[in-house]
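Undergrad: Keeping the supplied structure of chain V fixed, place chain L with the ligands upon it in accordance with the hints.
Chain order of the listed sequences is V and L. Per my numbering, the first sequence runs over residues 1 to 306. Per my numbering, the second sequence runs over residues 1 to 252.
Just so you know, the hints here were simulated from the structure itself, not pulled from any lab data. The beta carbon of each residue, even a glycine, is placed where N, CA and C say it ideally should be. All clues stand as given, with none of them false.
Here are the simulated EDC-like pairs of lysine to aspartate or glutamate, each with C-alpha atoms no more than 20 angstroms apart in a straight line: (1) Lys84(L) / Asp88(V); (2) Lys184(V) / Glu33(V); (3) Lys247(V) / Glu235(V); (4) Lys247(V) / Asp269(V); (5) Lys248(L) / Asp18(V); (6) Lys184(V) / Asp123(V); (7) Lys111(V) / Glu10(L); (8) Lys248(L) / Asp164(L); (9) Lys111(V) / Asp155(V); (10) Lys184(V) / Asp205(V); (11) Lys247(V) / Glu274(V); (12) Lys248(L) / Asp73(V); (13) Lys84(L) / Glu136(V); (14) Lys84(L) / Asp93(V); (15) Lys184(V) / Asp198(V); (16) Lys247(V) / Asp267(V); (17) Lys130(V) / Asp119(V); (18) Lys248(L) / Asp162(L).
Covered stretches of chain V (in silico footprint by chain L; criterion: 3 or more residues with CB under 8 angstroms from a CB of chain L, positions within the stretch not fixed): (19) 77–91; (20) 98–108.
Examples of chain L residues lying across from chain V (beta carbon under 7 angstroms, computed): (21) Ala7; (22) Glu10; (23) Arg11; (24) Leu15; (25) Arg87; (26) Ala88; (27) His90; (28) Ala91; (29) Arg93; (30) Ala94; (31) Pro96; (32) Val97; (33) Glu98; (34) Asp252.
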Amino acid sequence: MSEQPLIYARGLVKRFGDFTAVDGIDLEVAPGEAFGFLGPNGAGKSSTMRMISCVSLPTGGELRILGLDPARDGSRIRARLGVCPQLDNLDPDLSVRENLTTYARYFGLSKAQARSRADELLDFAQLQEKASSAVEPLSGGMKRRLTIARALVNDPDLVLLDEPTTGLDPQARHLLWERLFRLKQRGTTLVLTTHYMDEAEQLCDRLVVMDGGRIVAEGSPRSLIETYSTPEVVELRFADGVDYAGKLEGIGRIDPLPDRILLYADDGDAAVAEVHRRGLTPSSVLVRRSSLEDVFLQLTGRTLVD
Amino acid sequence: MAHPTVAVLERHLHLYRRLWRASVFSSFILPVLFLVSIGIGVGGYIGDIEGEDYLVWIVPGVMASTAFQMAIGESTYSVLGDFKWVRAYHAMRATPVEIRDMVAGWMLYILFRVEIAAVVFLGITGLFGALRSPWAVVTPLIAALVAVAAAAPVTAFAASIDQDSYFALLFRFVMIPSTLFAGVFFPVEQLPEALRPLAYLSPLWHGVELSRAATIGVAPPWPAAVHVGYLLAFAAAGLLWAVSAFRKRLQD
Ligand SMILES: Nc1ncnc2c1ncn2[C@@H]1O[C@H](COP(=O)(O)OP(=O)(O)OP(=O)(O)O)[C@@H](O)[C@H]1O
Ligand SMILES: [Mg+2]
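Chain V with its partners taken away, still in its complex shape:
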């Protein structure tokens, strides 16, 4: 029973009219896993998440959440999920605490349970001081934390987070990562979508890269980097507008971007030495570890965050 996947999808499809947003994807997420969807705008991440959350029904394919069928047992499944949607839908005229207690009541918690759960979650989200403030004047980061806290009122078996940190400043983002990491350590199964490579690398045990409604790659962050990139990447910028791509041939795989050239190499310093040996004088040179961004670029030919 414990080995049964929490999410099981085969050939999952979502269409809006003639438009196919999710085009036949297969998924399996095991209990305790932290699983990520990575992909550019419009890839179909949210559409997939909404089907998993049982708020939107699949147009085709097979979907089982917690071993149950969303079409028949939606309400029973939702009782055990925690959902943080891409757009916050907090009640702006209720206080921070009331947002938590009201939501807890939707899950059938008693008033006393709802109050004590709200206190725990205010702690978790570091919002104790704001407990009786209205939601409207909160910062974006606070609202996001509240939405995530709200998703935990029912102590869910599976937490679904659609772009939990988009639009937050780095501090707010790091605070959220830390909170999500705690959840993960407690054994909560996390599924999240993100545009941020570092987020996926930090939080996910396993992820899929989506593009155009399909899964184009799958694996752990490390294995994806190993498969689709090289250990190191050299970023070269040249002051003049000359096309240097030809002159770099043979050093490694080259990706010319509008503002810089990426050079994929097993050994970055050796590649830089070769560039200089050829008499080229880039205005800036950066040797860095390869990241999921490079994987994505390799897979789709596009940068992720535009």
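TA: Relative to chain V, chain L with the ligands alone:
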């Protein structure tokens, strides 16, 4: 364990607690001002109508039409806003709350609002000496029927549209004409015969006639069961429409 419908009702009550002062004026004071101005002021010129003092005659009409107008007014911007701006129903959708709980919770909230107004209004008109029959105690129930019959389809309408400018049309072409021509201020028999069926279609007319029969203690123009049956059927159809409109709005 609290039923999810109750949880939805609680949410609306929580929000109302912050606004109730503003709404007191329209729900209690306005109908009373109305009675004083039209019932006593205008009534002084008119004298009796159907053998009753004009004030006595108009009280049940004003009561039913207050329920009608409150039910409609409450079910417009609030419902659209909870879909479009607040997305409160989208939030509920991700919980065990079912669509029918959302609609039922909302209707209970409307009933809560209307019933308070109806009972207070009944008490005040009692003090004015405007109630002629002990049957008057059933008028809050009639107000409840009128409220659901009016609120359910308007809620469905509000859940189906994307722009609040449609509400102006609803007020202008449905709510105001219904109030003016549903036997609240004068008997429907005064209308040209060709127009009367329009009044019969309005749930308000049935509510007004039932209320009037109750406060004056006479038989309604049609058998009471027909009036009640019409209101129930209207309410049931509105509720079905509301459930389907919510479902449609929340799918995907
Ligand atoms: N309700 C809807 N009706 C019509 N089209 C939709 C609907 N929801 C999503 N789409 C379309 O489906 C495609 C996938 O959208 P989705 O929101 O799943 O992408 P995403 O990967 O989450 O993108 P983003 O990173 O911008 O959030 C988009 O082209 C979008 O316009
Ligand atoms: Mg999205």
